[in-house]
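Enquirer: Sequence:
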Amino acid sequence: MKSQEHDGVAAFLTRSVKDGADSRQIAESIAATCLAMDGALAPIIGRRGVAALYERSLHLSSRTHAWLAAAQEGNPSSVDGATLTQLLAQQTSAEAAAAGALLLQTFLDLLTALLGSSLTQRLLHSAWAGFLSGPPAQDTTA
Numbered sequence: 095m096k097s098q099e100h101d102g103v104a105a106f107l108t109r110s111v112k113d114g115a116d117s118r119q120i121a122e123s124i125a126a127t128c129l130a131m132d133g134a135l136a137p138i139i140g141r142r143g144v145a146a147l148y149e150r151s152l153h154l155s156s157r158t159h160a161w162l163a164a165a166q167e168g169n170p171s172s173v174d175g176a177t178l179t180q181l182l183a184q185q186t187s188a189e190a191a192a193a194g195a196l197l198l199q200t201f202l203d204l205l206t207a208l209l210g211s212s213l214t215q216r217l218l219h220s221a222w223a224g225f226l227s228g229p230p231a232q233d234t235t236a
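My numbering puts the first residue of the sequence shown at 95, with every later residue one more than the last.
It should be emphasised that the hints constitute simulated quantities derived from the structure, not laboratory data. This structure is a prediction, so every number in the text was calculated from the model and none was measured. Just so you know, even glycine gets a beta-carbon here, dropped at the ideal spot from N, CA and C. Incorrect hints may have been included.
Claimed, not checked - Restraint-style ranges between C-beta atoms, simulated for each label pair:
hint	residue 1	residue 2	range
1	R150	Q184	20 to 26 Å
2	L208	D116	31 to 37 Å
3	D113	G143	23 to 29 Å
4	D113	H153	18 to 24 Å
5	D113	S171	32 to 38 Å
6	A207	Q166	29 to 35 Å
7	L208	S172	17 to 23 Å
Modelling step: build the complete structure from the supplied sequences, incorporating the hints.
Expert: Here it is in C-alpha cells:
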C-alpha cells in the first residue's frame, strides 16, 4: 500500500540527501521515528507486538538491504534505535535514506494489514508528523 506517509517520507529523505544531510543525521531521524512509533503503539499492541512488527519489517527490508539483518541480532523484544542508527550511519546518505524509507514503509504496510488504514493513520499521526516536520538538523560545530 502506498500512503501519504510513504510519499512524505520518501520526499523528506530525498530532500535531506540533496540538502547535504549526512548518513548519521538521516539515521537519527529514522531511528527516532521508529522509537516514536514504538511509543505510540506500545500501549495498544504491547511492546512485544511492536517489536514483532519491527523485527518482521527488518527481515523483509533486509532482502533489499542485506546489511539491515544485523539489526535483528540485538534485543528481539524491543525496537533498538541505537543499533539501527549505527547500521544506517555506516552507509552513504543515499543508501541510509533508501533503506530507512523501505523499513518505515514496510512497518506501515504490516501494521495497516493488521489494523486497517484509518486506524493506523490515527495511531501513528504524531510519530509521522514529528518525522516530516522538517529536515534533520545540521551540525554547525565542525
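Enquirer: If a hint holds in the structure, say so; if it does not, say that too.
Expert: Consistency of the hints with the structure:
1. R150 to Q184: 20 to 26 Å: With Cβ atoms ~23 Å apart, the hint holds.
2. L208 to D116: 31 to 37 Å: Roughly 35 Å apart at Cβ, these two residues keep to the hinted range, so it holds.
3. D113 to G143: 23 to 29 Å: At 35 Å between Cβs, range violated.
4. D113 to H153: 18 to 24 Å: 31 Å, violated
5. D113 to S171: 32 to 38 Å: 36 Å, holds
6. A207 to Q166: 29 to 35 Å: 20 Å, violated
7. L208 to S172: 17 to 23 Å: 19 Å, holds
Of the numbered hints given earlier, the model fails hints 3, 4 and 6; all others are met.
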